[in-house]
Amino acid sequence: MSASVVDVLKWLRHGDFPDRADHWEQAGAVDAQGVREAADAGLLGLTVPRRYGGDGWSLPEVVEVHRTMAGFSPSLQSLLVVHSMVCQAVLRWGRSDLRELVLPELAAGTKIAAFALTEAESGSDIRSLRTTLAERDGEILVTGRKRWISFGELADVFLVFGMSDGGGSCALVPAGAGQRVSPEPPTTGLRASRLADIEFDATPTSANLAVGRPGFGVPHVATSCLTLGRVLVAAAAVGVAQAAVELATAHAAQRQVGGVALGDRQLVRGLLAEASILAEAAWAMVRAAAERVEERDPEAATAAGRAKVLAARAVSVATDHASRVLGAAGLAEGHRLTRLSQAARTYQVIEGPNEVLLDLVGADLLRREAATRQGGDR
Amino acid sequence: MSGTKQVVSYDEVHQQVREYVLGLVGVSELDGDRELITEHVVDSVAAIQMVDFVERTFGIEVEDEDLELANFNTVNGLTRLVAEKLRLS
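Line by line, the protein sequences give chains A and B. With numbering that gives the first Met the number 0 as the guide, the letters of the first sequence map in order to residues 0 to 377. With numbering that gives the first Met the number 0 as the guide, the letters of the second sequence map in order to residues 0 to 88.
Keep in mind the hints are simulated off the structure, nothing from the lab. Where a beta carbon is used, it is the ideal one built from N, C-alpha and C, also for glycine. One or more hints might be untrue.
To be verified - If the Cβ cut is set under 7 Å, some of the chain A residues that face chain B in the computed set are:
hint, residue
1, 10
2, 94
3, 211
4, 212
5, 218
6, 219
7, 222
8, 223
9, 295
10, 300
11, 366
12, 369
13, 370
14, 373
Given the sequences, and given the hints that come with them, work out the whole structure.
Structure below.
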């Protein structure tokens, strides 16, 4: 179970992982065996402390794995994101008996967890959830519909957010009776991530599976999970950006046009350089944000938002530039660059669209300004 | 932890918590009993920042039993929580 960072990175880059990952992305689904292999490699318990059977890695170590994996399989990386978010919710906000009960299974990957926050009418505005969690006689009845839930088709347990009498709440709900799970229409990016539309119809779950007290699910649990998710998605965006730069550079080095190597043309070098600079800048920011989240720095959420915005820009520019360097070859359906470009578009949206995160960062700047101005009055 | 400071009195805790929350809200005055979360005075990010702030600044660990909204919803509630954890009177 316990794996070293170097071992895992070796496994991802060599052996048959790149080929298998390619197959999942082409087939449009990470299969159960793929998930099993990821679990066997210890990938589902990276962020879980050793005392619960996890690898106990620090977040700056974990982002290395997410960056590398996303270059090959953005879809499998997205499974690690949602599973890690649920682990984080239980670890930070769950009661000690709940941690003992579920973390070992989540860390071993014998149970796969999905993060059920998004609703059709409530995307980034997490305070307007319509799903309800009604507690009575030691049970919580969950009613509502969750959309675009990554790996919802494969998950054994969902962390469902909704409103209760005590405010925004969340609870683990085992997959099974009282719910209808249907696949979402195919998406262009992260197409193998088994997105599901899930309807809960007074689905019962044990009150012992509540994570955090009523009123803490939203905002506290949801926000701290989203902060982690943003850092991990940003790491993935950097991985995809770097993969695009590598593809474009290899092509520019070999391809001759009119007797001149593409790489000898200054405009082509400029495209490569700009993409690479943005990707490396984003990576530095992702690592810094990971440190802040690890240390529970109060500025972690803003740092995660900043890093995700830059990483989304970097991946957008890098895949766009790479596509111009590769020309028609890179536009073919099934070409690796096409899949990287599709993932790049997805990264503009998931875990908070750029505009929402820019608003978060801008609001933080204005708050600081106001605090500085008011400081003199105190 | 790097941000941990030696705090000796209830009043000092109150002062530090108050300063931090004033900064988060961007105002110069705030009633100690003003409901920050339930009245949406602070956004969801700031709600987490308050938890991170008291944990780091006062070297305490917020446990499940501390997760009562009353402990996090007001400056006075936060102060009481920290003081209780540090056994200040």
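Consistency of the hints with the structure:
Hint on residue 10 of chain A is violated. Least Cβ distance to chain B is approximately 34 Å, over the 7 Å limit. Restraint check, residue 94 of chain A versus chain B: the minimum CB separation of about 4 Å is within 7 Å; hint holds. A cut of 7 Å between beta carbons decides the hint on residue 211 of chain A: the least distance to chain B is about 6 Å, and the hint holds. Checking residue 212 of chain A against chain B: minimum C-beta separation of about 4 Å stays under 7 Å; hint holds.
The interface hint given for residue 218 of chain A is met, as the beta carbon of that residue sits about 3 Å from the closest beta carbon of chain B, less than 7 Å. About 6 Å separates the beta-carbon of residue 219 of chain A from the nearest beta-carbon of chain B, less than 7 Å, and the hint is met. A cut of 7 Å between beta carbons decides the hint on residue 222 of chain A: the least distance to chain B is about 4 Å, and the hint holds. The interface hint given for residue 223 of chain A holds, since its Cβ lies 5 Å from the closest Cβ of chain B, which is under the 7 Å cut-off.
Annotation: interface hint on residue 295 of chain A holds; nearest CB of chain B at approximately 5 Å, less than 7 Å. Hint status for residue 300 of chain A: holds, given a least beta-carbon distance of 4 Å to chain B, under 7 Å. Given hint, residue 366 of chain A at the interface with chain B, holds; its Cβ is 4 Å from that chain's nearest Cβ, closer than 7 Å. Proximity of residue 369 of chain A to chain B holds as hinted, the smallest CB-CB distance being about 3 Å (cut-off 7 Å).
A least Cβ separation of about 4 Å between residue 370 of chain A and chain B falls short of the 7 Å threshold, and the interface hint therefore holds. Checking residue 373 of chain A against chain B: minimum C-beta separation of about 4 Å stays under 7 Å; hint holds.
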